[in-house]
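A.B. asks: The lines below spell out each chain.
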Amino acid sequence: MMIARWGLTRILWRQAMPATLAGSLGLWVYCLAWPDVMMARDPWPGLIVLLQCLLLAALLGRFETPSFAFLYSRGYSRDALWGHVMLASALSVLAALVPAWLIVRTGLRSHLHDLLQSPYFPIMAPREAWVPLIWLGLYVLLVPACHYAWIRRAQPTRGSQGGSLAVVGILVALLAGFDLVRRLDGWFAWLCGLLYGAVVVCLLLGGRSLHRSLEVRS
Amino acid sequence: MSDHAVRTVELRRDFGTVRALDGLSLDVSKGTILTLLGPNGAGKTTLLRILMGLIEPTGGQAFVLGEPARSQPAGVAGRVAYVGDRCEPPTWATPALLEGVQAGASRSFDKALFREFCKRRSISPTRPYGAMSKGQRRWVLTSLALASRPELILLDEPADGLDPAARKALYDALRDHVNECEATAIVTTHIIADVERIADEVAIIDAGRVILHGPLEDLRDRVRQVEMSGGISSPELVDLASVLGGTRLGEMSILWIRRNGVSDEELLGRLGPDATIRHVGLETLYLAIAEHRPAALAESGKGLE
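Those sequence lines, one after another, are chains P and U.
The first sequence begins at 1 in the working numbering and counts up by one.
The second sequence begins at 1 in the working numbering and counts up by one.
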């Protein structure tokens with residue numbers, strides 16, 4: 001069981017700040033300004049989530065910089081470092097997602113658009129209340145996937161293209177499957193949910209495994 | 001249980017087409033301070049980075065505190081400290097934050113000692129790392145390492161940028177730590193005076209290989225400079241000494257040798273009355289090896305030990 005270390009978390013959190021700001025501003029502005037009823041298939045939030053996840057992987061995976069060489073030579077085990085990278089990513093996601101969710105759930109968005117005389121609000125507000133959960137689902141998939149692809153790419157002594165392409169393939173298949181799964185019912189929907197969970201767990205474990213032998217060259 | 005804190009066997013490391021380490025074998029006994037000497041690009045930093053688990057060897061083996069030195073296994077994490085070039089915290093990090101980061105990694109980290117170190121150089125706990133002078137940065141990093149009370153401490157040019165007083169204080173603290181904790185230290189430096197101040201053992205590395213390794217006192221005692229007009233043929237010295245390097249100065253031949261348990265008188269007896277034998281300092285020895293290492297040995301890659 002990993003024990004969260006405040007100092008290490010704080011440094012990683014600060015390293016991830018640009019990603020947090022990009023994701024937060026993007027989702028908050030979207031929640032406040034999007035004039036229509038929010039739908040699960042709207043592309044903009046998906047793009048914002050993808051951008052934040054890519055930035056998180058890049059900012060928390062700068063293994064060729066002196067500051068990462070410093071962190072990786074403090075005496076933390078590789079698994080502890082991997083755990084803290086995931087923790088910092090999770091905090092970044094929560095910093096973007098929780099306020100966005102609150103904007104929707106507290107009625108702020110509905111009230112604002114009601115004031116702006118949108119014909120959809122407040123009547124349609126309950127229909128979009130669950131949409132941030134879709135974003136959460138995207139984050140849960142994309143954060144480990146992006147970290148895995150980034151670490152795979154950073155392996156200097158191993159072939160890396162295969163892994164990155166595999167991640168892209170998995171993501172495209174799963175994202176395309178989202179729409180399909182929403183219309184399914186019964187045991188097959190549960191099976192798809194289990195598959196989704198298995199892919200996430202595999203990406204997390206695969207990333208951790210690659211991270212153990214990662215080279216930190218500065 | 002191994003008596004060696006560090007053991008490398010035929011260690012190799014390639015960076016693309018460049019071979020940084022080329023079959024480097026080195027044993028470092030527990031409780032000693034080993035200084036690594038060698039020209040730039042000799043492989044000193046690469047060796048320390050492999051021992052720290054930052055990079056992996058291309059071939060051969062490295063053991064740290066009895067465990068393979070691959071990517072900081074759990075058994076080693078927190079027991080080894082490292083200070084290296086291009087291994088620095090973000091510029092906005094303060095000593096107070098660094099203290100927290102280090103305390104999370106090593107259970108034996110002594111916060112009071114770290115604060116005492118910072119106080120000695122008037123470094124405020126809230127001063128950002130980027131606002132410190134080069135010497136202060138080095139001091140903070142080395143203090144972090146020493147305050148961790150590690151069993152093995154790897155210092156890559158720790159005195160770089162330090163004034164003489166700070167250098168002395170740093171090496172005194174290192175010696176105290178090694179003595180108190182029976183710790184082991186590997187220190188790279190280009191400052192020969194530092195070597196003579198702190199080293200128990202010296203290893204000279206060139207082209208990714210150890211070409212000379214031994215206790216400092218032993219090197220001082222056994223290494224000689226032999227001068228002779230005309231030539232000195234190697235067979236005259238076989239069984240009596242190892243040739244470390246050689247050059248010619250006009251008509252004069254100069255060899256640097258390590259005696260194999262024979263006295264200067266026995267050597268003189270073999271070489272004849274024209275020969276002169278002198279003691280050499282570490283700096284002369286280092287320069288002799290770096291600049292006048294026998295070409296045949298350099299090409300064959302064999303060590304001179």
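If you are wondering where the hints come from, they were derived from the structure by calculation, not from laboratory data.
Be aware that one or more of the hints could be misleading.
[Unchecked claim] Pairwise CB distance ranges, derived in the manner of DEER restraints:
{"hint": "1", "chain 1": "P", "residue 1": "R217", "chain 2": "U", "residue 2": "E251", "range": "48 to 58 Å"}
{"hint": "2", "chain 1": "P", "residue 1": "V140", "chain 2": "U", "residue 2": "R197", "range": "52 to 62 Å"}
{"hint": "3", "chain 1": "U", "residue 1": "E182", "chain 2": "P", "residue 2": "W28", "range": "28 to 38 Å"}
{"hint": "4", "chain 1": "P", "residue 1": "R153", "chain 2": "U", "residue 2": "C181", "range": "34 to 44 Å"}
{"hint": "5", "chain 1": "P", "residue 1": "R10", "chain 2": "U", "residue 2": "C181", "range": "51 to 61 Å"}
{"hint": "6", "chain 1": "U", "residue 1": "E182", "chain 2": "P", "residue 2": "R62", "range": "30 to 40 Å"}
{"hint": "7", "chain 1": "P", "residue 1": "S213", "chain 2": "U", "residue 2": "T284", "range": "42 to 52 Å"}
{"hint": "8", "chain 1": "P", "residue 1": "S213", "chain 2": "U", "residue 2": "E182", "range": "54 to 64 Å"}
{"hint": "9", "chain 1": "P", "residue 1": "L21", "chain 2": "U", "residue 2": "G281", "range": "22 to 32 Å"}
[Claimed, not checked] Derived contacts from chain U toward chain P, CB cut-off under 10 Å, selection only:
{"hint": "10", "residue": "A77"}
{"hint": "11", "residue": "V83"}
{"hint": "12", "residue": "F109"}
Every residue gets a Cβ at the ideal spot worked out from N, C-alpha and C, and that includes glycine.
A.B. asks: Where does the structure disagree with the numbered hints, that is, which hint numbers, in rising order?
C.D. replies: The structure conflicts with hints 3, 5, 8 and 9, although it agrees with all the remaining ones.
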